[in-house]
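**Student:** One letter stands for each residue in the lines below.
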Amino acid sequence: MEKPDLYVVARFLDIMYRNGSSMKKTNIQMLLGVNYPRFMEYLEWSLKHGLVAASLDEERAERIMLTPKGVDSYHRLVDWIKETLDGVKI
Amino acid sequence: MDSAEDSSRRQEIQVSLKSIVESSDKWLGRLRRRESRVRLASSFLTTILVFAAVGSAVLGFVLSQGQLDALFQNANLARSVAGVVLLAGLISGFATYFLLKRKHEAKLKELSSLITEMKKANGVGGEGITKDALSLAEKIVTLLPQLVRKRDQDSLLFGVVAFIVAAIVGRNPAVAILVGAMVWLYFRYETTRTYEQEASKFEEQKRAFEQRKKDFIATL
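Sequences listed follow chains A and B, in order. Counting the first sequence from 1 gives a position; my numbering is that position plus 452. Counting the second sequence from 1 gives a position; my numbering is that position plus 1070.
Because the hints were derived from the structure by calculation, they are not lab data. The reader is advised that the hints may include incorrect statements.
Distance windows between CB atoms, simulated [claimed, not checked]:
#1 LEU1110/B / GLU496/A: 53 to 63 Å
#2 LYS500/A / LYS1088/B: 49 to 59 Å
#3 LEU508/A / LYS1171/B: 23 to 33 Å
#4 TYR459/A / PHE1168/B: 34 to 44 Å
Far from chain B by the CB rule (all over 12 Å, computed), these chain A residues [unchecked claim]:
#5 TYR488
#6 ARG515
#7 GLY522
Straight-line Cα separation of at most 30 Å, DSBU-like style, residue types lysine-lysine; simulated pairs [said to hold, decoys possible]:
#8 LYS476/A / LYS1283/B
#9 LYS1209/B / LYS521/A
#10 LYS1284/B / LYS477/A
#11 LYS521/A / LYS1276/B
#12 LYS477/A / LYS1276/B
#13 LYS1283/B / LYS500/A
#14 LYS455/A / LYS1283/B
None of these values were measured; they are calculated from a predicted model. Virtual Cβ for every residue (Gly too), placed ideally from N, Cα, C.
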């Protein structure tokens, strides 16, 4: 995926950050509200960019969690939104 | 993410998001007040125009029938005709007000629901707040040029309303024309000055917003 939608990335980070722990892929996909192939594209993109990491739990099920880079990106995203809104003057 | 630092950061984010919601709410209030002024001026103008048009039509009809004296001799009939003409003006004015209200509310509905959603999400710390804030920012940036354009058209409306009010109060056409022209020119000057500055500023903001989105994605 060359050009990810910032809204989807933002929601992805939001879900992961607010959940605070590792999550199952299907749970993330449901909360993200996109179809599974689309979700996989975003997951692969996020893994590639080091925003999230995959691991296996004791039941050998794959779980996804936010990396420190992902947490930092979420913080930067919120600051960026605030700065952008502060810069808009009517 | 259970550390004290993270908890504090999360609170900071909530505060930032709350501030975004508050700013957005203020913008929505400002937009609503502006639309409300336009609505009042438009409905006042419609009332007067319909009153004048229907009154002229009735008078023209009475004159063509050669019944003008008969109309003025019969006070009840004259009052009834005047009442109907006035009622037609008032109904048109109210209809204009409510039609414009519906149109304006529909225009701001998306923004308003987005803010309501954000308030709910922020209140319960729900998901989606970040995406909504981003979407709100984009909607605001998109809405701005339209609002400036609207303001540009309003100067003539305010000028005409000022002319009518001055004509009714002052009963002097020359003074009314002068007042109307002054109000029109004032708002036109303000609008032109503001439009030139704001239009380029808004266009620049929209471009900057798009660029910032691309840049942000590139930094991830």
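**Student:** Now tell me if each hint is right for this structure.
**Tutor:** These are the hints, each one checked on the structure:
1. Range check, LEU1110/B to GLU496/A: about 56 Å between beta-carbon atoms, so the 53 to 63 Å window is met.
2. Between LYS500/A and LYS1088/B the C-beta distance comes to about 34 Å, which lies outside the given range of 49 to 59 Å.
3. One distance hint, 23 to 33 Å for the beta-carbon pair LEU508/A and LYS1171/B, is violated here, with the actual separation near 58 Å.
4. For TYR459/A paired with PHE1168/B, a C-beta distance near 36 Å keeps the hint of 34 to 44 Å intact.
5. With a least beta-carbon separation of about 19 Å from chain B, TYR488/A lies farther than 12 Å from that chain, consistent with its non-interface assignment.
6. For ARG515/A, the shortest C-beta to C-beta distance to chain B comes to about 15 Å, beyond the 12 Å cut-off, and the non-interface label holds.
7. Here GLY522/A does not stay apart from chain B, with its beta-carbon only about 9 Å from theirs, under the 12 Å limit.
8. Taking the CA atoms of LYS476/A and LYS1283/B, the gap is near 28 Å; set against the 30 Å cutoff, the hint holds.
9. Pair hint LYS1209/B plus LYS521/A holds up; C-alpha atoms about 29 Å apart against a cutoff of 30 Å.
10. For a cut-off of 30 Å, the pair hint linking LYS1284/B to LYS477/A stands: about 27 Å separates their Cα positions.
11. Of the pairs offered as hints, the one joining LYS521/A and LYS1276/B holds, with about 28 Å between alpha carbons and a cut-off of 30 Å not exceeded.
12. At roughly 35 Å between alpha-carbon atoms, LYS477/A and LYS1276/B are farther apart than 30 Å, so this suggested pair is violated.
13. For the suggested pair LYS1283/B and LYS500/A, the alpha carbons sit about 19 Å apart, so the restraint of at most 30 Å is met.
14. Taking the CA atoms of LYS455/A and LYS1283/B, the gap is near 11 Å; set against the 30 Å cutoff, the hint holds.
Figure legend: structure checked against the earlier numbered hints; hints not met, in rising order: 2, 3, 7, 12.
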